Structure formats: structure tokens, C-alpha cells
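Numbering-wise (the UniProt record's numbering), the sequence shown opens with residue 1 and increments by one.
Simulated from the structure, these hints should not be mistaken for lab results. Nothing here was measured: the structure is a model prediction, and the numbers come from that model. Watch out, some of these pointers could steer you wrong.
Distance windows between CB atoms, simulated [as the list claims (entries may be wrong)]: (1) W152 <-> D122: 13 to 21 angstroms; (2) K169 <-> P107: 22 to 30 angstroms; (3) R245 <-> K225: 23 to 31 angstroms; (4) T139 <-> P107: 19 to 27 angstroms; (5) E118 <-> I273: 48 to 56 angstroms.
Cross-link-like lysine-lysine pairs, in silico, DSS-like; alpha carbons within 27 angstroms at most [to be verified]: (6) K146 <-> K169; (7) K179 <-> K93; (8) K265 <-> K243.
The beta carbon of each residue, even a glycine, is placed where N, CA and C say it ideally should be.
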Amino acid sequence: MENNILQDVVVSVSMITYNQKDYIRQAIDGVLMQKTDFTIELILSDDCSTDSTSDICYEYYCKYPNIIRLVSPSENLGSIRNFLRNLEFCRGKYIALCEGDDYWTDPLKLQKQVDFLESHTDYSMCFHSVWKLENGNTTHFVNIAKSEISVWDIINNWLVPTCSVLYRKISLDWVLCNKIGGFCGDFNIFINLSQHGRIHYISDMMGVYRIHSQGVTMTHLNSIKSQKAMLNQINRMSFYYPKIRKDLIYQYVSASVSYASCAIKRGNFTLFIYFLYKAFTKDLIKTNINIFSRIKQKFVRK
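Construct all of the structure, not just a fragment, from the sequences and the given hints.
Set out below in C-alpha cells:
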């Protein structure tokens, strides 16, 4: 794949990494193997890794200077700030996401996704099936029976793997995304895109989503601070997206109840009360009194 830096970039691939020396080569190679009839660029940002990740990124940049733009910050920003900052460097008409511990397996992935969005201008984003790799075991991460998903699917089911996403840059309200900010940058973006176009699901298996103890997902889910930050982000989003406020509040209450349940199982009564209070604030009850019966049904089924 040869690129001319003077050509208009059609797809910018945003890749952030931190201490992923064992995975980053596979992630970058998955981008470099793409076969396309358009120009792509890889926007690569290492967040001041303490292992050899930075050296590996620089090695690839030196080999592929017409494809890779290395835009690493001078100080550690944290995953969310690095993620949002990296997107600001993307020049393409479309933006694809792939974090440094995930990778693509289909050389036609980008071509398939661009072809779809080019011929369906009412769609703002598309994503595809991926494998989930955890502890050496591979399973389906996404296996959906329909070709289009709703904002409710995104909010309630969390079924969009970041490494599978390609979106139309012009469809994203970047100012609003930055204003909301918060704990989960990709979730913020997916919700925003859902308000500016339809979302298409491609059933082709074209990537691998890796789960490991050092990964961002595992680190965030196991952090009390991150759980609180997630609730704060959903709360902010509920005010900026009035059309889907009830759906976002449902997720807010559902997450609060789930976190409270985990807290009491761990014997943390103070944290249990904190999350229970979050779930039963008067404002939420006034918004939708039926929301709690839906939550109850959800957890009873479990």
C-alpha cells in the first residue's frame, strides 16, 4: 500500500497506545495490510509508555512516513484525553478506530466500510463483527441478527466494539463531544453519531477485540472512581441529548443498581448506599416512574 502525502486522505485511522509492546505490532500491521482504492493515514499516539511501545511506534513511523503520522504527546494524558486529542489530527473524510491492543484481520475491512457509507449517505457510522480474545480463548463479541441498530442498542447493550467502527467525520458534533468529555470517549462519540444518521452493522468478522488485565476496559470496569465517572458522564449526556434523555436515564439507573449490587457483595456498605442514592434521586423518579420496573425485570431475569 503506497500513499502520497499530497493526496486527499479518505480514511484516517486513529490508534492510541500505552504500554502495549506485546500487541502494538499486530495492531499496526492490521492497518498496513489494508487493500484500498483510496488514500489512508494512520494517526498513532503513544501516551508516554514506560516499556518499548514508543520505540516500536517510531520504528514503524520511520518505515512508513507516508502513511503513519506519529503525534505522541510530551506528557502522559490518560486514555480518554489521548483518545480525543488523537482525533483532532485526523484529516480524512472518514475516521476508523483501532486501539493498540486490538487488531484487524480482513485486508478489505476499510474498503467494505467506505463502500457502504459512500453509497448510503443517510448513515453516519458502520461497524462489524469481531472476535473477543480473552485468556487465549476466542469467542464472538458481536453477533447481531439485524443490519441496523438503534441508539437504544448502543445505550443499553454496549454492543459496538471500538476497533470495528468507521464513521463519517462531518456527522460528528465535535464541539459537543468535547463539552461532554468524560470517562468513555468512544461511547460519547457513538451516541453523538446516532443523532446525526443511521448506524449500520456488517456481519463480516473483520477484527479481534482483546481483553486483558492491563487493558483500558478491564481497568475502568474494576475502578470505583471510573464507575462514578461513568455515571457522571451519562448524567451530562442526558441533558445535552433531550430526545434520548429517558433512554440515557434508564442506563444511568441500571448502572447505579448494578454498581450497588457489586458493592454490597464486596461488603462495602458505604459504596452501596452511594450508588443506591444515585439510582433513586427524585429527579429520575419524576422523569419516568416506570423505569424502576424495567430495571427490576432486567435483574430478576439474571
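Consistency of the hints with the structure:
no.	hint	verdict
1	W152 <-> D122: 13 to 21 angstroms	holds, 19 angstroms
2	K169 <-> P107: 22 to 30 angstroms	holds, 23 angstroms
3	R245 <-> K225: 23 to 31 angstroms	holds, 25 angstroms
4	T139 <-> P107: 19 to 27 angstroms	holds, 23 angstroms
5	E118 <-> I273: 48 to 56 angstroms	holds, 52 angstroms
6	K146 <-> K169	holds, 24 angstroms
7	K179 <-> K93	holds, 23 angstroms
8	K265 <-> K243	violated, 36 angstroms
Comparing the model with each numbered hint stated earlier shows that hint 8 is the single one that does not hold.
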